[in-house]
Amino acid sequence: GAVVSQHPSWVICKSGTSVKIECRSLDFQATTMFWYRQFPKQSLMLMATSNEGSKATYEQGVEKDKFLINHASLTLSTLTVTSAHPEDSSFYICSAKPGQLAKNIQYFGAGTRLSVL
Amino acid sequence: GQNIDQPTEMTATEGAIVQINCTYQTSGFNGLFWYQQHAGEAPTFLSYNVLDGLEEKGRFSSFLSRSKGYSYLLLKELQMKDSASYLCAVRDPVRSGAGSYQLTFGKGTKLSVIP
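Residue numbers (my numbering), protein chains in the order written: chain G, 273 to 389; chain L, 8 to 122.
Misleading hints may appear alongside valid ones.
Said to hold, decoys possible - Straight line, CA to CA, 30 angstroms or less: simulated BS3-like cross-link-like pairs of lysine-lysine:
1. G:K313 / L:K75
2. L:K75 / G:K338
3. G:K338 / G:K327
4. L:K88 / G:K336
5. L:K117 / L:K75
6. L:K88 / L:K117
7. L:K88 / G:K313
8. G:K338 / G:K313
9. G:K313 / L:K114
10. G:K292 / G:K336
11. L:K88 / G:K327
In short, the hints are calculated from the structure, not lab data.
For reference, chain G alone in the conformation it holds in the complex (with noise of 0.2 angstroms):
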């Protein structure tokens, strides 16, 4: 159980285009979903804070105008890049944490790995 897909795996893009990723919990109710970056040796660096019927809440330093957040139900999170440009090059993931299990653990998608050209 808890499985979360997230889609899709892999993108590259030209500068100036939009770049809409998804992640979908499988197998359980997601109440929030988080959304991170991953640059090539760094550790996750949470973008934001995405509960479901909400707005999402951003971290300090990340643009909510170029990262465009959805969670419009309990089993799908959408982030848009937008306007992307070769600086937003880097690995994106998410993960859900299920409204009913206990110890608030976070299930991670296998990422999405995007270039902009």
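Fit chain L to the given chain G structure using the hints.
Relative to chain G, chain L alone:
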């Protein structure tokens, strides 16, 4: 502020035991997590400690001392497939809010298991 420290890299021999340490300095504390991350893949949950002591799960054990701000992950009977990065993460409700489940991650320890 928050600070989570782990060694950057470690090397150990197949079949041996290795201990990966994590020290943390946070405003508050409500749980410490260990995740395993293979290169290019998402982290997978290994263990969770919120009270002092040792939690054992198969070949992996995790220890926590809240008074010392210290945890370790112990891997026994190392296998080649254990080569990965091991991430220590702390939940700090003072920083992120009592109802928040945000985690702050250390930079990870890259473990290389050699024959």
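Structure-based check of all given hints:
no. : hint            : verdict
1   : G:K313 / L:K75  : 27 angstroms, holds
2   : L:K75 / G:K338  : 40 angstroms, violated
3   : G:K338 / G:K327 : 15 angstroms, holds
4   : L:K88 / G:K336  : 39 angstroms, violated
5   : L:K117 / L:K75  : 24 angstroms, holds
6   : L:K88 / L:K117  : 13 angstroms, holds
7   : L:K88 / G:K313  : 19 angstroms, holds
8   : G:K338 / G:K313 : 24 angstroms, holds
9   : G:K313 / L:K114 : 8 angstroms, holds
10  : G:K292 / G:K336 : 14 angstroms, holds
11  : L:K88 / G:K327  : 40 angstroms, violated
Checked against the numbered hints given earlier, this structure breaks hints 2, 4 and 11; the rest are met.
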